[in-house]
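Work out the full structure: start from the sequences and follow the hints.
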Amino acid sequence: MDKREKLLQTALELFVSQGFNDTPTSKIAKEAGIATGTLFYFFPTKDELIISLYLKIKGQAAESINLALAEVKSTKEVIKTYYVESLKWSLRNPNEFSFLAQFSNSPYLKKIGADEISAQIAPVLQLFRVAIGEQQIADMDVNLLYALISHQVFGVNQYLSSNKFTKKEQHNIIEDTFLMFWKMIEC
Numbered sequence: 001m002d003k004r005e006k007l008l009q010t011a012l013e014l015f016v017s018q019g020f021n022d023t024p025t026s027k028i029a030k031e032a033g034i035a036t037g038t039l040f041y042f043f044p045t046k047d048e049l050i051i052s053l054y055l056k057i058k059g060q061a062a063e064s065i066n067l068a069l070a071e072v073k074s075t076k077e078v079i080k081t082y083y084v085e086s087l088k089w090s091l092r093n094p095n096e097f098s099f100l101a102q103f104s105n106s107p108y109l110k111k112i113g114a115d116e117i118s119a120q121i122a123p124v125l126q127l128f129r130v131a132i133g134e135q136q137i138a139d140m141d142v143n144l145l146y147a148l149i150s151h152q153v154f155g156v157n158q159y160l161s162s163n164k165f166t167k168k169e170q171h172n173i174i175e176d177t178f179l180m181f182w183k184m185i186e187c
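Numbering (the UniProt record's numbering), first residue to last: 1 to 187.
Keep in mind the hints are simulated off the structure, nothing from the lab.
Among these hints, one or two may not hold up.
What the hints assert, rightly or not - Label pairs and their in silico Cβ distance ranges:
no., residue 1, residue 2, range
1, His151, Ala62, 26 to 36 Å
2, Pro123, Gly37, 33 to 43 Å
3, Gln158, Tyr41, 29 to 39 Å
4, Met180, Val130, 15 to 25 Å
5, Arg92, Leu55, 12 to 22 Å
6, Lys27, Lys168, 33 to 43 Å
7, Lys167, Met140, 17 to 27 Å
8, Glu71, Gln126, 13 to 23 Å
9, Ser26, Tyr146, 18 to 28 Å
10, Phe165, Lys76, 23 to 33 Å
11, Glu186, Gly37, 50 to 60 Å
Stated by the list, open to error - Each computed BS3-like pair below joins lysine-lysine, with the alpha-carbon atoms no more than 27 Å apart:
no., residue 1, residue 2
12, Lys58, Lys167
13, Lys183, Lys168
14, Lys183, Lys80
15, Lys76, Lys3
16, Lys27, Lys6
17, Lys3, Lys58
18, Lys167, Lys3
19, Lys76, Lys88
20, Lys76, Lys58
21, Lys46, Lys56
22, Lys167, Lys183
23, Lys56, Lys27
24, Lys73, Lys167
25, Lys27, Lys111
26, Lys73, Lys183
27, Lys27, Lys58
28, Lys168, Lys88
29, Lys80, Lys168
30, Lys46, Lys27
31, Lys3, Lys46
32, Lys168, Lys73
33, Lys46, Lys30
34, Lys46, Lys76
35, Lys76, Lys168
36, Lys80, Lys56
37, Lys30, Lys73
38, Lys58, Lys110
39, Lys46, Lys110
40, Lys80, Lys167
Yeah, the Cβ is synthetic: ideal placement off N, Cα and C, and Gly gets one too.
Structure representation (structure tokens):
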């Protein structure tokens, strides 16, 4: 692992356990075993470190989800796969998911350009537009649909993470909660 990656990994662990405000860059550098000057070489400000970590994690999540979507054909199955894979990724990557949740509820989200956020969610919004066009789901604002699926993924992740379930029970809960989501948005 190179120095930049080591700093990002250490920052992730500290931000998740201590929060953004209670994690000084000096502590990140010390925990990573890297000079503070080197941290600032890669990330001139703490804000840039946090945003870089966010973009990296969002990219990893998107890559994982997109791999699963490559094999799916019907619109409903694509939406289901997006939902299921989002949950599976969040359960496999609890620190990363925790960081994304923390970031999404922080002032740092406003520091990401609107274009960047639009680019991140554009494929999902387009998916909802297609489903609306095919009259598979209710004709409603695609941004609302994105908010609904995102918050459902967050809530189900919290539920699954807070309880001890077998893999089969987790699978059943994910399937059942997708059906609930689908019933809420279908025509």
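Worksheet item: What are the numbers of the hints the structure violates, in ascending order?
Response: Hints 1, 7, 9, 15, 18, 34, 37 contradicted; others consistent.
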